[in-house]
Each structure stands twice: as C-alpha cells, then as structure tokens.
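Chain by chain, the residues run as shown.
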Amino acid sequence: MLPAPDPEARADDLQMAFMATPATVREGLARMLTMAPLCHLSEDRRATAELVLAEVLNNVVEHAYADQAGPVLVSIGQTPQGLCCTVTDRGKAMPGGTVPEGRCPDPLERALEDLPEGGFGWHLIHSLTAELRYARVDDSNRLQFILS
Amino acid sequence: MQLQTQTRPRVISVSVLEDRIDAATAIQFKEKMRDATKDGPALVVLDLARVQFLDSSGLGAIVAVKKLLGPDRALELAGLTPTVEKVFRLTRMDSIFTIHSSLEVAVSHAASA
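As they're listed, the protein sequences go chains A and B. Note that the working numbering has the first sequence beginning at 50, numbered continuously upward. Note that the working numbering has the second sequence beginning at 2, numbered continuously upward.
So that you can see chain B by itself, here it is in the shape it has in the complex:
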C-alpha cells in the first residue's frame, strides 16, 4: 500500500497510489494513514483518483481514519472514481464526508477558506 503525502500550509493531502483498497489491504491502509497524518494541519484530503475498487473493508478503513483524526480535524475526500462513489452512496457514507471532484479543487478550496 503506497501513499504519497504532501503537507501544505492549511492542508495535508494523501494520494493513494494503488488501484484497490480492499479486504487484503484495508488494515495496512489504515495504519499508513495514521502515520501519514500524525502531525500537520487540521484538514486532511484523501485523494482517491487512482483507486478503481473499494470494498466494504476499504470503506470501513476510511471511516476509521476519520474517527482516528478526532473531532478537531477533518478528513475530506477527492477524486472518487464511479465505482468508489457508488460504494459511498449506497452505504450513505457520502453524507458524512465533504467530497471534492479532484485533489486540486480540494486544495484550492482549503487555501481560499
């Protein structure tokens, strides 16, 4: 599970460099996300543009990361591919995340906030 992290003044972005977050990699994803976001700005944007497949374990791991960040930090999502978007919609988890069309949009939104 490879993640690419970039820390900016107001936002830390984490891009998933894998095409799947599934039962085989969900725990690893959660651990790497915890390490990647340990310090830094309150806002974390998770860039899922390369992720073509997310199952319920992967979804659970993303929710777990939101909970790990706690009430004073936020996890926003960017670049959901159609299949990934469908999983969020069917489980109604799209209602608890701010979702941006792309990482660039999310970052510029954070910069102008």
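Same shape as in the complex, but just chain A:
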C-alpha cells in the first residue's frame, strides 16, 4: 500500500508515488525534474534539488527498506522560504528516531586506506537544505526539508 497523500499538500504541488528501488529512484527523479515546480528552477538549483532528492530516496531504498522494494511518496510545494519537500515511506524508522548527523571528517587527516567510502549522503543533505525535520507517523517515516 502506498503512503497516504500528504495531508498538507496543495492541489498544485508535485506529488509522485512509486515503489523505491535504485532503478525507479533514477526514473522517478528524471520524471520529477520535468514537472513543476522543479522544471522552473535555474539549472544550478535544479541540480541541487536532484542531488538532495537522490540522496534522500537512496537512503529510503538502502536503509528504510533495506533493498526490498517499498512505496515512497514525494511531495514538493512552493513556499515563501523555497521549495518544501516531503518524502514519506513505510520502511524502518531512523535509528534513534532522528536524522543522522552526517559528519564529514577532513580527508587530509586520514591515511589512504582509512578514507571513507560512504557517509557522504547525510552530509550533503544537511549542507544543501534548511529546516530538515524527521517524524515517525503511523508506521511511516516523514522527512521534510526546504530547498532554498
């Protein structure tokens, strides 16, 4: 079952629901970028939106659903602060009930073999969004953020 429509969504918001796998995330992103409001963004802001949404959706695939396909709902609306994005899934809750910090250590302080190959995702999400909020609501994860 797909997550219920975002109760706060307005009629002209972008809403897209799909079963999340690496391949459908890629397709879903490509489709969303052709739709309002994302298609009206400058090239630079659209690229940022694509990156943030890719990171968030890939986290849903890898962690919330642990690579088992599951439903995800993306809703994007224009607000005075910027684009408000809400991503809802029915997978596992975030560990500790909060958004991971996503620390990014200085790579120059690491030996070659100790360089991180992961953990960049949350750092990018934190760096490129504002008002990042997470809530567990009725067995769903609800992540909301502003792309300014």
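Because the hints were derived from the structure by calculation, they are not lab data. Quick caveat, the model's predicted, so the values are computed rather than measured. Virtual Cβ for every residue (Gly too), placed ideally from N, Cα, C. Check the hints yourself; a few may be wrong.
[Claimed, not checked] What follows is a set of in silico ranges between Cβ atoms, one per label pair, in the way DEER data are often shown: (1) A:M84 / B:T99: 37 to 47 angstroms; (2) A:L181 / B:A43: 36 to 46 angstroms; (3) B:Q5 / A:A118: 27 to 37 angstroms; (4) B:S103 / A:G145: 41 to 51 angstroms.
[To be verified] Sample of chain A residues at the chain B side, in silico, Cβ under 10 angstroms: (5) M68; (6) A103; (7) V110.
Place chain B on chain A using the hints.
Frame of chain A; chain B shown alone:
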C-alpha cells in the same frame, strides 16, 4: 556503465561515457574501473567531462578506486562539471585528488612531469 580506456606511456586515461554515476551504477563503475586499471602506468586519470550527475554512492566508488590503486599509484580527476565539482567540494574530497580542467591538460601535465 561504459568506460573508454586509453593507455599512454606514462598515464592511463579512463573516460566515463555515461551522464551519471549514481547509486544504481556505482558498484558497476567500481568493478569496471578495477578491470580497466589492473595493469599499466602508475598514473590513472579519470575523465568525468560527460558526467552531469554524481551522488554520494558515485563519490564513494571513486574514493574506493583510489584506495584500490594503492599507495604506489595515483588517481587524478579531469573535466569535472559544475554539479560534480560541488559534490567533491562539499564533502572536501576535492582536497585528496589532483583535479585538472580537462583530460588533455591532465595528459600533457603527465607527459611533461
């Protein structure tokens, strides 16, 4: 995931012929890079000029390739598009790679070294 490899006297260059290195293709990219650079000169230049999108999985795969090459070989990057450059900068991974404006610059730099 298509890569184009060219071996020169001092450098092996690998051009990514795809517009994305993302979660869907990162593992394949890493494996193809390992095969493409198994033998050959110590210096490997990865040409990213056609790559318009790199996510954290793609970045992790590029770092993994650098680690696979080991301490006696080097991975340098060339032709970063603005979005790809931003991912390297925000994660500070731009500090551990020599980055050239284009493959041609990287190759001529290697030839004159």
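The hints, checked one at a time:
no.: 1; hint: A:M84 / B:T99: 37 to 47 angstroms; in the structure: 40 angstroms, holds
no.: 2; hint: A:L181 / B:A43: 36 to 46 angstroms; in the structure: 43 angstroms, holds
no.: 3; hint: B:Q5 / A:A118: 27 to 37 angstroms; in the structure: 33 angstroms, holds
no.: 4; hint: B:S103 / A:G145: 41 to 51 angstroms; in the structure: 45 angstroms, holds
no.: 5; hint: M68; in the structure: 15 angstroms, violated
no.: 6; hint: A103; in the structure: 5 angstroms, holds
no.: 7; hint: V110; in the structure: 7 angstroms, holds
When the structure is compared with the earlier hints, a violation turns up for hint 5 alone.
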